[in-house]
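Residue numbers (our numbering), protein chains in the order written: chain G, 5 to 423; chain C, 30 to 319; chain F, 767 to 1091.
Derived from the structure by calculation, the hints contain no laboratory data.
Check before you lean on any hint, since a few could be wrong.
What the hints assert, rightly or not - Here are the simulated DMTMM-like cross-link-like pairs (lysine to aspartate or glutamate), alpha carbons at most 25 Å apart as the crow flies:
| id | chain 1 | residue 1 | chain 2 | residue 2 |
| --- | --- | --- | --- | --- |
| 1 | G | Lys265 | C | Asp31 |
| 2 | G | Lys263 | C | Asp31 |
| 3 | G | Lys265 | G | Asp401 |
| 4 | G | Lys263 | C | Asp154 |
| 5 | C | Lys312 | F | Asp957 |
| 6 | G | Lys347 | G | Glu364 |
| 7 | G | Lys184 | C | Asp31 |
| 8 | G | Lys205 | G | Glu218 |
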Amino acid sequence: MSHKFSRRKFLRNSLLGTGAMTLGFPALKVNAEEHKIRVGVVTSLSGANRFGGNLTRRGYDLWAEEINKLGGIEIEGKRYPVEMFYGDAQSRPASGADAAERLIIQDEVDVLFGPYTSGVTLAVQPISQKYRVPMISGSAESPNVWLAKPAFNFGMIPAVDLTTDKSMVVLAENLGDRAKTASVIGVDEPFSKETAEGFRKGVEESGLDLLSYELFPAGSDLSAIVSKLKSSNPDIVAVGGHEDVFINFVNTAKALNYKPKALIMHYGVTSAAFIKETGSESNGILGVSVWTEGLPYKDELFGTASDYSDLSFSRWGTRPDYTEAACSASGLVLQDAARRLGKAPPWDQGTRAELAKAIEDTDIETFYGPVGFAKEGSHFHNNTKPVPAVVQIKSGDVVPVAPENASKGELVYPIPGST
Amino acid sequence: MDLFLQTLVNGILIGGILICLTIGFQLTFGVLHVIDFAVGGWTMLGGYTAYWLVTLAGIDPFISIFLVFALFLLIGRGLGPLIYHVRTSRYARPDLMALAFTFGIFLFMRGGALWLWSYNSRSVDSVLSGQFLSLGPITIPLMRLSAFLMALLFSLGLFILLYRSRFGMAVRALAQNHDHAGLMGVDVKRVSAWVYGIYTALTASAGVLIATIYSVNPSVGVRYTLFAFFVAVLAGLGSVGGVLVAGLALGLLEAYVATYIGARYSLLIVFGTLYLTLLVAPKGVLGRGI
Amino acid sequence: MASKPVLTPKLIVRTLLIGAIVIALAVLPTFIDSYTLRIATGALMWAGLACAWNIVGGYAGYISFGHSAFFGIGAYTTAILMQSDFGASFFVTLLPAIILSIAVAVAIGGPTMRLRGAYFAIATWAFAEMLMQLVTVLDFTGGTAGLSLPAYLNEFFFYYLMLFAATASFVGVWLLIERSRFGFRIKALRDDEPAAESLGIRTNLVKVQSFALSAAITALFGSIYAYWTTYIDPYSVMGPEITDQMVVMVLLGGLGTVWGPALGGVLLWITNRYIWSTFGDTVIYLPILGVIIALVVLFLPNGLISLFMGRRRGRELISRILGKL
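Based on the sequences and whatever the hints tell you, model everything.
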């Protein structure tokens, strides 16, 4: 019995010890170093959106590494190195808000780089506004983010409702008389649903006949959806979702002997994981991308779009997609705004508000394309300038096929072997 | 009409998947009176084992399913005594403690899989992947058909085991009354551990086919646990025969709702029906244990 | 025998201790920065939620897997009423949130609580999933895109609000369950339902009352949470993770004790945030947490609180519960 007693005591003491350590920890503050620009990144490094979250981190980090090679951001003839701080949003809005507050209060960051998902962005936005810390978001694509008219948040990627409908129109124009009907399906979750709505709008704008529009809960069995599509066999099938839904759609369709004449998806199609998991089935699948390495854009830091792609490949081992590119370009926006602001860091609240004004007036050319933020309307502070390209997977490669100025190859239609 | 028939086939085949998922779970509940939260975890681990076997060694899921069965039979047999210990302990609520214990195991599996293999979905390839059988206007995917046949095989095997073997007699005695079975000379501890092993083996094998039909990632487990629970309570907890009826009923409901009412409402209607059925028939459709 | 409501020295010591803790919590914000205050606010919320779940799960002995439904009802009622169409102020939304949650709890509690054990657990889970799907397909809830609330970013306000709500919950539960006849009824129900009924306890009424009380507290925290985080979506306030956390916190802290849930909630939340901010992007805490839960079940079935209750108290409690079986 005495043995049991000592174990109990030991457990209790270690419990108390851990508690004391835990409570004491936040008191250890990092001292602010002088002459550095402190940048906080809030993104999903764990949780359901960890894959995309890490892509945003790669994009932001690549910019930081490149600018630090030059000695940092140039302000009034002097260079200030960039120091990066990270906060994991765990793919949950509330954790994102915790992370933002920690970065601002404990790490004393001057500026934030935004989250991967729109839900987390919506929860972080008020925190950035409260402490007047400008935030540049290299990923969030939901139009809801901009409806709130966030004074301190700026989005690099045009909202999905702007990109998917344009890409559908571009696709329909390219196909001309060959396509008359279309069906749109999408997962009933943020982003995926808005993607599907954008596709539907595009179908209506381009005069195609919309045969069906259907949303389904995440993780549902797709045999019913595929069977319905098969029985109406539209000329174009558009899918709003993330890569695991695409993988399940492609697998289910194959097993039910159905292959759409054209299959267009949005984010994730261009990712290496999707192409690897679906193998030869990915051949001919269309995707939407606001940036590809073949585009004729360039800037001083990264060079041309294709230079950027090579740099990213040599750094991370995979080709960048448009999210990574937009995140790297976020740094270029900060660089330009800080130069125009012309004040040395650290920045106090008033200066940060001036910085936000400077970001609002951004008008630059980058390897990612032109960047400028809307100052009014439903897409307030969203960079609406990039024009989406339609890409097609051809034997494992992602090839831009439309519109004309971005095209690097013929659009294959219908997909060989289609129903 | 074609779509109607195709939906019938789709529904029956979804039903087959649900039966595979639930049948082992039903056995542990019927015999050990344990609600195993980890049922989705075993399914997921079975799927991952098949994934690694096909990716690293090129072993087709239809062969690796036997390996998975043997492997998880031993793992379950090893874990069985602990489950038995918790379930028969002299705590205030041993049934609840067993649930909490398996919840911990489930969290361990999910977290471990996340930590080791990250969030990406993995496809498991088999010779039958993407193959189908055409019957006039109807298409029958062979992978799903295999899952359905496996569901029938599992049920049949379980019936033979339970009603035509000495071991089965011991299991049934246990299901009726632990103490009496012990008094009649049944080695209660050993039989319980083997029952748990059979359950994990069946569930992990089901996971192999499920991963081949869809794909596998660390967070699929929660959904499978949810569906296993639902099929099981609809069947009447512990009723093996009821699983066949309940699995097919839920599969058909999901398929017809998704096709004719709207896929968006399929889960809403499935969960709603389940909840209402429970209120009307609290012991499930057949209401009989093992 | 439970302790009698007289002033024993033990009771005085305990009251003083609790008073000291409350005063310490009240002056805490002046010593810490606003990020740490945010974590403290979260810890209070989870302690309160664990306390709410414990009423049904720990005292009445009904394991609910559906409490996220009530958290969501609170959060969504507040969020919807605070949209510009209604423009209600925050405190005005609390009453409808609580009334709605009680109404739902009474409506489903009656029929659902006829189910025992596993059937009840799974039925409540089905109900919560159904409600989450409903919120997802409806329009006025914002669907899957969720709802943003007008941001009121005063960290002291939310800290003291959570402190008040959590303290009120614990004191209320302590008075009601450890110091009143209601408490005896509810525990009798847990220990032996037919016997309780034969003693003239109206078990159905007691069950529904405890379920409604638990639901109302959960919804209250849901409302505050929505206003605090300023953005909610179906998964973040109705997902199974909410219920899972509540269950785990109570189990770790000590099922069916007053202070166990507080210990479990605070400890688990602070540990979670600590690992998160120190180790960043690892998920290693998930498997570790899994192992800890399994170990607690095996070796400390009465939760971490039993370590503090002393050997004699703990043994008394165990033998008391076992005596009833």
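Hinted pair G/Lys263 and C/Asp31, Cα distance within 25 Å:
At roughly 18 Å apart (the allowed maximum being 25 Å), C/Asp31 and G/Lys263 satisfy the hint.
Pairwise hint evaluation, C/Asp31 against G/Lys265, where the allowed Cα distance is 25 Å at most
Answer holds: G/Lys265 to C/Asp31 is near 21 Å, not above 25 Å.
Is it true that the CA of G/Lys184 sits at most 25 Å from the CA of C/Asp31?
Holds. G/Lys184 to C/Asp31 sits at ~24 Å (cutoff 25 Å).
With the threshold set at 25 Å, check whether the alpha-carbon distance from G/Lys263 to C/Asp154 stays at or below it.
Within the cut-off at roughly 19 Å; holds.
Pair hint outcome, G/Lys265 versus G/Asp401 [Cα-Cα no greater than 25 Å]
Since the Cα atoms of G/Lys265 and G/Asp401 sit roughly 19 Å apart, the hinted pair holds (cutoff 25 Å).
Decide if the proposed pair is consistent with the structure: G/Lys205 and G/Glu218, CA atoms, cutoff 25 Å inclusive.
Status holds; Cα separation ~14 Å.
For C/Lys312 and F/Asp957, compute the direct alpha-carbon distance and say whether it is at most 25 Å.
holds, 23 Å
Take a quick look at whether G/Lys347 and G/Glu364 sit within 25 Å of each other, Cα to Cα.
Distance ~17 Å between G/Lys347 and G/Glu364 Cα, so the pair holds.
Going down the numbered hints, you'll see the structure goes against none, and every one checks out.
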